[in-house]
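Those protein sequence lines, which keep their order, are chains L and B.
For the first sequence, the positions run 1 to 114 when the working numbering is used.
For the second sequence, the positions run 1 to 116 when the working numbering is used.
Quick caveat, the hints were computed from the structure, so don't treat them as lab data.
Careful: at least some of the hints might be erroneous.
Unchecked claim - Listed next, the in silico EDC-like pairs over lysine to aspartate or glutamate satisfying Cα-Cα at most 20 Å (straight line):
no., chain 1, residue 1, chain 2, residue 2
1, L, Lys44, L, Glu57
2, B, Lys3, B, Glu17
3, B, Lys108, L, Asp59
4, L, Lys44, B, Asp26
5, B, Lys70, B, Glu17
6, B, Lys3, L, Glu57
7, B, Lys3, B, Asp22
8, B, Lys73, B, Asp29
9, B, Lys3, L, Asp59
10, L, Lys38, B, Glu44
11, B, Lys70, L, Asp100
12, B, Lys73, L, Asp100
13, B, Lys3, L, Asp100
14, L, Lys52, L, Asp85
15, L, Lys44, B, Glu44
Remember, predicted model here, so these are calculated numbers, not experimental data.
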Amino acid sequence: DAMVIQNPRYQVTQFGKPVTLSCSQTLNHNVMYWYQQKSSQAPKLLFHYYDKDFNNEADTPDNFQSRRPNTSFCFLDIRSPGLGDAAMYLCATSRDQGGDQPQHFGDGTRLSIL
Amino acid sequence: AQKITQTQPGMFVQEKEAVTLDCTYDTSDPSYGLFWYKQPSSGEMIFLIYQGSYDQQNATEGRYSLNFQKARKSANLVISASQLGDSAMYFCAMREPYSGNTPLVFGKGTRLSVIA
Chain L
1 DAMVIQNPRY QVTQFGKPVT LSCSQTLNHN VMYWYQQKSS QAPKLLFHYY
51 DKDFNNEADT PDNFQSRRPN TSFCFLDIRS PGLGDAAMYL CATSRDQGGD
101 QPQHFGDGTR LSIL
Chain B
1 AQKITQTQPG MFVQEKEAVT LDCTYDTSDP SYGLFWYKQP SSGEMIFLIY
51 QGSYDQQNAT EGRYSLNFQK ARKSANLVIS ASQLGDSAMY FCAMREPYSG
101 NTPLVFGKGT RLSVIA
């Protein structure tokens, strides 16, 4: 009964070849987040959607884009992956943006760049 | 400046013993929320416990409790009766202000190893 589902668990792509990671949720939450987590580091927020409103973090590279076609799905597109983009990518949801709302995470997609 | 500081990169604890993972935070906002997450080696982030800045009592969830000392700006996680399955990375995180479009800021984490 997974509630935040990320596909695939492992993704390998070539340097410069566009890649899309997907996230779906069955919680009907308004907010969806994408984090990048490099080895032995804390997760770093890339962007989030509140409903259809897109919020980009100031230091998120232009190489990273996101789409949210409906409430349930959110995609992370990396247009031209570089070696430095190899990381775990975590999708999370929360019911709304209230400070007491925990974020529920998926299992993550581990991206490798060849 | 670091918003969330976890000073223990790694901790060891004997099975069935209690362990405290430290977390201090920095904010000038009177309203904020503090969270603890567990990340096993498989990668998923699991929400453990939440403490609001206005909460009068320390949060508890099963074997997890939060030792919240507001004046010292610390929110330490206490795990009682440690189990082998508790071995994981633990992240403290803060959200400020209490409401609104603000991101969750994570500390660097503490790796807990439970020894049989």
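**OP:** List, from low to high, the hint numbers that the structure doesn't satisfy.
**Re:** Hints 2, 5, 14 not satisfied by this model.
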